[in-house]
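All chains should be built: construct the whole structure from the sequences, respecting the hints.
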Amino acid sequence: MRHVKYHHPQMSSNPGGQLAPNQIVGRDDLIASMWSVLKGRSIYMNDLRRIGKTQIMVKMHAAPPADWVTAKCDLGGIHTAAEFATQAYRLSAAALSRTTRVLRSMHKLLGQAGGLEIAGLVKLPDGTPAPWKEVLRRTFADIEEAMCDQGPGHRMLFLWDEVPFLLSNISHRESPEVAMQVLDMLRALGQDHDRIRLLLTGSIGLHHVLTGLKAQGYNGSPLNRMDHIQPGPLTPKHGVELARTLLQGDGIRCDDWDRCATELASAVGHVPFYIHRLVSRLPKADATTPKTIQDLLDREITADTNDWDLQHYRDRLRPYYGPDEKLALGVLDAVAVNEPLDFQAIRREVNMSGAVDDERLRALLKLLCQDHYLTRTPENQYRFYLSLIRRWWRLNRSLS
Amino acid sequence: MNETPFLSHFSPQWTRPEALEQILVQRESLLSDSVEKIRESIVTGNKHHLLFIGSRGAGKTHLITLIHHRLQQADLLDRARFAWLNEDEIATSFLKLLVLIYRSLSARYPDEFPASTVRALAGLEALAAEDKLGQSLLRDLGNRTLVVLMENLDSLFRTLPEAELLRWRAFVQNHPVFATIGTAQALFSGVSERTEPFFGFFDTRHLEPLSVEDARLLLKNIARLQEKTDLLEFLETPTGKARVAAIHDLAGGNPRLYLIFSEFLNRTALNELVRPFEEMVDRQLTSYYQERLRWLTPLQREIVQLLCHHGRPIPVKQIAEGLFTSQGTISGQLRQLREMHYLRFQSLGREVFYELAEPLMRLALQVKETHNRKPLALIVDFLRVWHDRQDIEQRLAQLGSASPDHRYYAEALALLESGAPNLRHEILREGLDNLSPDACDDEALIRARCLAEESDLPADWSRFGWIQWARKEWTETIQAFTRVIDSKAASVAEVALALNMRGAAFSRFGSTEEAIEDWTRVIRLPGIMPGLLAWSFVQRGTHLDGKEAIADFTSAIEIQDAPALALESALIGRGFQYGRAERHDEAIADLSRVVDMPGVSADGAALALIGRSQQNFSQGREDEAIADISRAIGVEGISAERLALALCYRGHLLSLTDEPETAVADLTKVIQLPGASTVVISQALSLIALFHAHSGLSELALQNLASLLATPCTVAIPKVITPGIPVYAEQVIQNILAHTTDPQRWTTRLREFLPLFARHGGLAQLGDALVQHLPKLAASPLNHDAYDAWATAWSEALDVLSPEDQDRLEIPLRLLRAGIDYLKTQHAGSLLVLPAEERRILRQTLGLPAETQE
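Chains G and P supply the protein sequences, listed in that same order.
Position 200, counted from 1, in the first sequence is what numbering that gives the first Met the number 0 calls 199; the numbers after and before it change by one each time, with no gaps.
Position 284, counted from 1, in the second sequence is what numbering that gives the first Met the number 0 calls 283; the numbers after and before it change by one each time, with no gaps.
Simulated from the structure, these hints should not be mistaken for lab results.
Nothing here was measured: the structure is a model prediction, and the numbers come from that model.
Any given hint could be a false lead.
[Said to hold, decoys possible] Some, not all, of what chain P presents toward chain G, calculated at C-beta under 7 Å:
1) 43
2) 44
3) 45
4) 48
5) 165
6) 169
7) 172
8) 173
9) 188
10) 191
11) 192
12) 193
13) 199
14) 201
15) 207
16) 352
Idealized CB from N, CA, C, for every residue including glycine.
Right, here's the structure in full:
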């Protein structure tokens, strides 16, 4: 096998921990294309948990292009709109203090002394919390002005992680209406300020929160004007490269690095988190072979109690698909055994009795793709989105 | 004299880290790896969050104490701050968690993290206080990394609501200056379920229980630390190893229990140990386990209590009977208890045995029940297992009846006197009873050896012998069965079986005379079981020949109630013997009886058919011979070894009956058959090679030759290969030249074959064939340059041989060079470079007239 050249530093496995930006590998092309998109509009990034969305943000924040200012924040701990507005203001103040005059309009609102007295919330000179909409509006206006002062092409990007949790928290702590107002506010501010872009993401899909809000009467489409990006796993080349680097960095004994790295990365579907995790669990005393890698992974994902929780993909079928649960099981079983399958082949597999309507099946396939069970190939065939899930599915369902 | 180092049972952080380092076993790799990860967190932007999972007493605190200790190095001290939260501290909000962390830092680094910071928060709203304290913590920390050590992380996760967990996680994500070292009793949903905020956040490591050998090392380390030389030496003896193996069942691989047991090991009196120990167990463990029991259903509690009383693994059936409940009901409950980490199980044979996942639970629960100061069963059991009766009696004699530990020894002695079986032996036996000899690992072997040596009972020696037999350790097998044979306690049946097995081991070892002697002794023993008698006749007959063998097989056949398999073997043996004596009809009769026997084994039927086929062929009945051997090949369930034999024999028959292609097909199947014996494969290869040698040139022939010559040497192979060497040599030379004109390939191929011929002592024949091939070279389409290249290829390939072997080819190569010069020049003067004798050989080879004498 051809040896790949490596350009990143010595690395060892760190499953779940925080990686230094130079150790987040294999995302350069995606990040370059995201910066390109951001010139035109904001981005909503959505994918499975642990696929590496936060790490993409970390890397973007660490090295933005020359005319960009970035502010990054995990919003999962914020529970009110006022806290959120305060956080936006504070992030902006910190980011802009390095580059320009700070937030004139906000200072006007808070008074000369008030702006410094922040303990959880922005407060007015009389000690009352500042209205959150006003804080957001003025903060965005100040940023727009500051960016214009910098010169043409200068922009600021908010990298906001765990936005769905933020909205869910506000909905529970305050009310669904306030959560809706936050969403509308963000959409409006995004439209009004061309020098500000948002990159939103989260562990859970925003559409789940929106569905809840829509049930409460919300009829906005806050993500319509945003570009939707699904980063997915690493490319096989980068997945193998990462696996090889980690195997060596962890001091794993191995006679054939390339084969083991290829086997390991492909077994976990080239998802960097799982590559880190599997490498970290390889025994160091014995020599690693492709077979020991496969055996370890099978043991790990099928153990009585394990922290891969692939059972989640089985358990959520009922809440997600209700009466179509059985049909979904049939589709996933068929694809797990014989992927890739086209629509006709899937129909033959699940519709022996002819009871399933074609349109119902099409709708279900679309949902299964949206929920990251399946993906559609350029040849219009369906396969599992992650080979790891397919592997577990076959083991769990005793499919040959 | 130095003071004995203190080893805390329940709080390793109170023990000096140097002592903890000295007694560490099994986890050095995990420890150094973890230290390296936290070190990386301190000196780089990578932040690790480690979570160690293990039951109570599994060594979690020991491990993180050492991680902490090893990180106290000069180059790290300026770059990190450590916050070690107390084990029992809980927090119901992220703010309170921050307070715990800050207070821990204040206690350790009062100048950097002033205690007044927390005091100043009084009266603030929670949100403001959290914000302020978070900012203070980050400011005071500066550009250093904060390493937070948190024990019982699972408890903390239980008390923190999801909203607070989200705040914690967001804080860590927004300020990547933290590294975490956590512990938990078991994997918990907060980190393992995909919907939880901290899913996949921690790098989780499970602490494996100690193996018997780990436990012995731990006890040795403790003994070394405490300068207990006698104990150290004892632990090296077979008896010492046996005792560790036995107490391993009581401790269940739990390091804390070994630590506790070690306290009891070298004390004549347990004064000042028992009472504090009981109180400590009561204080530190009982409330914890009582609380855990409260979460269970009544039936689940009963199961736990039953297992607690029993103390060792018991099968599902016994649990169901003990609780007067159906196995089905119990199985469901057991599964739930397993999932909740209360129980663990192991499969032995068809049965599944359950025990408490945490042996400490047994200890703790009994303390609660022991209101009348009844000695703790676990400790009594430990004393029974570790000490001999004499030992216990001596210690009792030295103790006053009022001393607290008197009760323990008295209880242990009472149990010994009650006629209860030796607990140590029982424990060792329990682990072996349901284990088939071929499933025994090294640990089981140690247990079996210790048990046999300790008990010296024939049954235990016999079990050890069977295990050694399964491992093909013939000398050990012979020694084990000799102990049974020589034992006065052995019954006639035990001696007979041991003699039979020892004979078989002697036979495998190559000591045929001793083997025959043992079987003869069995045959002469009075009143032995018919089966054993029959087998002894069969085995002895197999090692004899002619009339003696026939007599033995006949004796076996005539034994009433002989096992069917012995009868089958006897008939086959006698059938083959009749065949060798050319008593064909009797041979066919015996072998046919086997073929027609109801319930005959597949291999038996196949072997009988092979034998009958041979008889038919020798009588000129070719069709019947082929029919029999084909039937043998088709027997359902036949072993690979027997199938290979049948295919090889049919290949042989077909090659003699003008069906060479079919013959080669059969022989090729033999080579490709997994499980075929080396001898049969070499025979098949030899037949194929010979077939190709007679039927032309092919790459396949070359490959087969290489495979044949590379076959591992057994006694039988030289007999097969040696006669064919001249033919193989000619084949190799012809094939190499026929299949490529690339001189580099010639060299490569020659380098492949030269060592193979050297291995079989065939270099002389190869050299001879090389010279004899010269006329064919002349007739080939190769040009003169190719002739030279051919000679050069040989010279270059010689480097794979030893100097001695290179010498063996010196003359042939000289002849080759001279011969080639002659072929190129057609001038006999070219031969004058050779001495007269060599010239004569070459002239003959090249068909030149003899030199005229001057």
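Item checked: Violated hints, by number in ascending order, as checked against the structure -> Going through the list in order, the structure violates hints 9, 15 and 16 and respects the others.
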